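Colleague: Here is what each chain is made of, one letter per residue.
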Amino acid sequence: MAVINLKNRQIECKIVYYGPGRSGKTTNLEYIHKAFQKQVIGKMISIDTEGDRTLFFDFLPLGLGKIKGCDVKVQLYTVPGQIKYQATRQLVLKGVDGVVFVADSLAVRREKNMISLKDLHENLLKMGLSIRKIPLVLQYNKRDLEQMGLPVMSIEKMDHELNRQLKVPFFPASALSGQGVGNTLTQVLKLTLQSLQNEFNWAQ
Amino acid sequence: MNLGEKIKAYYQEAELYETHGLLVESLEKFRAIEGLIKANQNIRNRNTLLAKISARIETLKKTIQRLDGTKKAPQASPDAQSLMKEMYSFNDPEAKGSSSLGGAIALAKFGQYDKAIEEFNRLLDQDALRLDAAKNILWCWLEQNYGDYAVSLYQKWRKTKLFPPEEIASIQNYFSALVKQKGLNLEIEIDGLESQQTVEPDSEIDEDELLDINSVRFALPRGAREGEKVELEVSFQSGQYIQMIMPRKQKELIESIKPGDLFKDMTFYSSVAIFSGEGYVSARNEINAGPKKGDSSLEIKIIKIIS
Numbered sequence: 001m002a003v004i005n006l007k008n009r010q011i012e013c014k015i016v017y018y019g020p021g022r023s024g025k026t027t028n029l030e031y032i033h034k035a036f037q038k039q040v041i042g043k044m045i046s047i048d049t050e051g052d053r054t055l056f057f058d059f060l061p062l063g064l065g066k067i068k069g070c071d072v073k074v075q076l077y078t079v080p081g082q083i084k085y086q087a088t089r090q091l092v093l094k095g096v097d098g099v100v101f102v103a104d105s106l107a108v109r110r111e112k113n114m115i116s117l118k119d120l121h122e123n124l125l126k127m128g129l130s131i132r133k134i135p136l137v138l139q140y141n142k143r144d145l146e147q148m149g150l151p152v153m154s155i156e157k158m159d160h161e162l163n164r165q166l167k168v169p170f171f172p173a174s175a176l177s178g179q180g181v182g183n184t185l186t187q188v189l190k191l192t193l194q195s196l197q198n199e200f201n202w203a204q
Numbered sequence: 001m002n003l004g005e006k007i008k009a010y011y012q013e014a015e016l017y018e019t020h021g022l023l024v025e026s027l028e029k030f031r032a033i034e035g036l037i038k039a040n041q042n043i044r045n046r047n048t049l050l051a052k053i054s055a056r057i058e059t060l061k062k063t064i065q066r067l068d069g070t071k072k073a074p075q076a077s078p079d080a081q082s083l084m085k086e087m088y089s090f091n092d093p094e095a096k097g098s099s100s101l102g103g104a105i106a107l108a109k110f111g112q113y114d115k116a117i118e119e120f121n122r123l124l125d126q127d128a129l130r131l132d133a134a135k136n137i138l139w140c141w142l143e144q145n146y147g148d149y150a151v152s153l154y155q156k157w158r159k160t161k162l163f164p165p166e167e168i169a170s171i172q173n174y175f176s177a178l179v180k181q182k183g184l185n186l187e188i189e190i191d192g193l194e195s196q197q198t199v200e201p202d203s204e205i206d207e208d209e210l211l212d213i214n215s216v217r218f219a220l221p222r223g224a225r226e227g228e229k230v231e232l233e234v235s236f237q238s239g240q241y242i243q244m245i246m247p248r249k250q251k252e253l254i255e256s257i258k259p260g261d262l263f264k265d266m267t268f269y270s271s272v273a274i275f276s277g278e279g280y281v282s283a284r285n286e287i288n289a290g291p292k293k294g295d296s297s298l299e300i301k302i303i304k305i306i307s
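Residue numbers (my numbering), protein chains in the order written: chain A, 1 to 204; chain B, 1 to 307.
A portion of the hints provided could be inaccurate.
Below, in silico cross-link-like pairs of lysine-lysine (BS3-like), each with a Cα-Cα straight-line distance of 30 angstroms or less [unchecked claim]:
| # | chain 1 | residue 1 | chain 2 | residue 2 |
| --- | --- | --- | --- | --- |
| 1 | B | K109 | A | K94 |
| 2 | A | K68 | A | K157 |
| 3 | B | K182 | A | K84 |
Hint data in this document are derived by calculation from the structure and do not stem from the laboratory. In this text, all values refer to a predicted model and were calculated from it rather than measured experimentally.
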């Protein structure tokens, strides 16, 4: 849940990068950390990885400066994608204001995307939130792997399978090179701040 | 695509999946290659190829097994633990300090049990949070498979009357249910409330096999020197029990150790070997007579030898 201080005109909100293991959530944050240095207001904390897998979460604090008269700060988190870290995912989701679902474009990860999206839906429900109402953006990551000869799903197919009912904004991306990362972040921030405006009417 | 091209394409795919950390997918691809080779007798260097692919499959299987088998959460850095606490703390105006409780619970849920227990122990002093802190301490010990120690702690609380009767009853209900839920065979009750005896955790060590220990090293659990490793000379040993003397001048040292403490990372020095293990502080008494009068004796029961 965002912390909104209308007296001091400050907003602090939480965006969580969700998705199956190895889909590129940490890589998204690493790219943001590197490319948006002006907005980064603290060090990125990547908590203990196991063979490059996130075990707990990654954390990156951003400061967006003044928006509509309010000082806006954002905390970006990732969840551990592997199925066995269900409890940690629930902890990290606590107090979430917006979600980026990072799906893996590799054809072999098709089922993992669906399982993870379902997991997100269930974990949000447990917190009394709806996947249809929360600010959500889909990112179809690893588009670059097609050039390396790996079977990659088409955007249309991914959108049909993951976004047919949700109908939320989506972006093709290659987090390693940064393609689509900024657009994804901008969109989720836009939706989140809009949603907070509807709820708290914070903008001047 | 002929067979050779197919195998080459599969091989490239398998390698790329491995590079991207998709180990299961890589394994499947290597297995598919193995299947193709096995089904075709006419492949040149068939046996060499099969041996190479089998070796890759074995390596991948071992890596997957190792990664999947990691159950215990690793100890996070102090920075990370502090973040875990802060980000998942909550503020309940009804209960002062409840954000500390929330932070400690978050640490426990992330598997940072030692740090969480340390935080919960501090909260035992706060009336409004003591009951929840105590329950969480027991939960943390059981999660780490220290059932005996959890029982001894519970018995100590009963003995010292730290909690009023209604709270101890609540702890007992919670603890019994937790033990049952985990399917553990632990005797929680001893001789009713009147018992003055604290139950000590069982030792896994055969007394006869234990070497004579010259000194021990462990980290202080609390106080101004918390975390500092100290080495104490053993003055007396009887089976699994060892005794050390703490000079009266070292007040900070004496006060940082209490009966009931469990040292999970102790080093034992004998004249022929150094080994690590766990010890339970079974007693700490001030010496009232003799040349060591005023000093304190510390008795530790060796619970487990790890290596």
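Colleague: Could you run down the list of hints and mark each one as holding or not?
Modeller: Checked hints:
Restraint check for K109(B) and K94(A): the C-alpha separation of about 13 angstroms stays at or below 30 angstroms, so the hint holds. Our distance criterion of 30 angstroms between C-alpha atoms is broken by K68(A) and K157(A), whose separation comes to about 38 angstroms. Annotation: proposed proximity of K182(B) to K84(A) holds, straight-line Cα distance about 19 angstroms (limit 30 angstroms).
In this structure, the one hint that does not hold is number 2.
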